[in-house]
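Could you build all of it, start to finish, from the sequences and the hints given here?
The sequence shown begins at 0 in numbering that gives the first Met the number 0 and counts up by one.
Just so you know, these hints were derived from the structure itself, not from any lab.
Heads up, some of the hints might be wrong.
Said to hold, decoys possible - Taking lysine-lysine pairs in the PhoX-like style, the calculated list, with each CA pair at most 20 Å apart, reads:
| no. | residue 1 | residue 2 |
| --- | --- | --- |
| 1 | 14 | 35 |
| 2 | 54 | 14 |
| 3 | 44 | 14 |
| 4 | 54 | 44 |
| 5 | 47 | 18 |
| 6 | 35 | 18 |
| 7 | 54 | 39 |
| 8 | 39 | 18 |
| 9 | 54 | 18 |
Said to hold, decoys possible - Computed spacing ranges between beta-carbons, pair by pair:
| no. | residue 1 | residue 2 | range |
| --- | --- | --- | --- |
| 10 | 9 | 30 | 12 to 22 Å |
| 11 | 57 | 0 | 46 to 56 Å |
| 12 | 0 | 56 | 24 to 34 Å |
Computed from a predicted structure; not experimentally measured.
Ideal placement from N, C-alpha and C gives every residue a C-beta, glycine not left out.
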Amino acid sequence: MMSELICLLIMPDFKPGDKPPTGYLQWHEWAEVQRKAGIKQSMCKCGKFITPQEKDDHVDC
Numbered sequence: 000m001m002s003e004l005i006c007l008l009i010m011p012d013f014k015p016g017d018k019p020p021t022g023y024l025q026w027h028e029w030a031e032v033q034r035k036a037g038i039k040q041s042m043c044k045c046g047k048f049i050t051p052q053e054k055d056d057h058v059d060c
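What follows is the structure, given as C-alpha cells:
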C-alpha cells in the first residue's frame, strides 16, 4: 500500500511596501516582492537590517 501526502500552502499576495509577516515561508515570499520592487534594507544602529516600512515599528537604538 502506497500512501501519499499532499501539503497545501496558501500564501497571501504581498505588495511592495507591505509590513513583513511573521511566518518563515511567508517572509521569504514577502522579501522577494520587496526585492523585485527595489526596496532595500538598511542597517540600524543596533545591527539589525530593516526595510523602510519597518522603521516606524523599530525601537530607536
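Verification of the supplied hints:
At most 20 Å may separate the alpha-carbon atoms for a hinted pair to count; residue 14 and residue 35 meet this at roughly 10 Å. The suggested pairing of residue 54 with residue 14 holds, with an alpha-carbon distance near 17 Å, which does not exceed 20 Å. A hinted pair counts as satisfied when its Cα atoms are at most 20 Å apart, and residue 44 with residue 14 does not qualify at roughly 27 Å. For the given pair, residue 54 sits about 12 Å from residue 44 by alpha-carbon distance, which is consistent with the 20 Å threshold.
At most 20 Å may separate the alpha-carbon atoms for a hinted pair to count; residue 47 and residue 18 meet this at roughly 16 Å. This hinted pair checks out: residue 35 and residue 18 have alpha carbons roughly 15 Å apart, not beyond 20 Å. Note on residue 54 and residue 39: the hinted pairing holds, with a Cα-Cα distance of about 12 Å set against a maximum of 20 Å. Proposed proximity of residue 39 and residue 18 is supported: the alpha carbons are some 13 Å apart, at most 20 Å.
Simply put, residue 54 and residue 18 have alpha-carbon atoms about 10 Å apart, close enough for the 20 Å limit, and the pair holds. Distance hint check for residue 9 and residue 30: the Cβ-Cβ separation is about 18 Å, which falls inside the suggested range of 12 to 22 Å. Take residue 57 and residue 0: their Cβ atoms lie about 53 Å apart, and the range 46 to 56 Å holds. Against the hinted window of 24 to 34 Å, the Cβ-Cβ separation of residue 0 and residue 56 comes to about 51 Å, which falls outside the hint.
When the structure is compared with the earlier hints, violations turn up for hints 3 and 12 and for no others.
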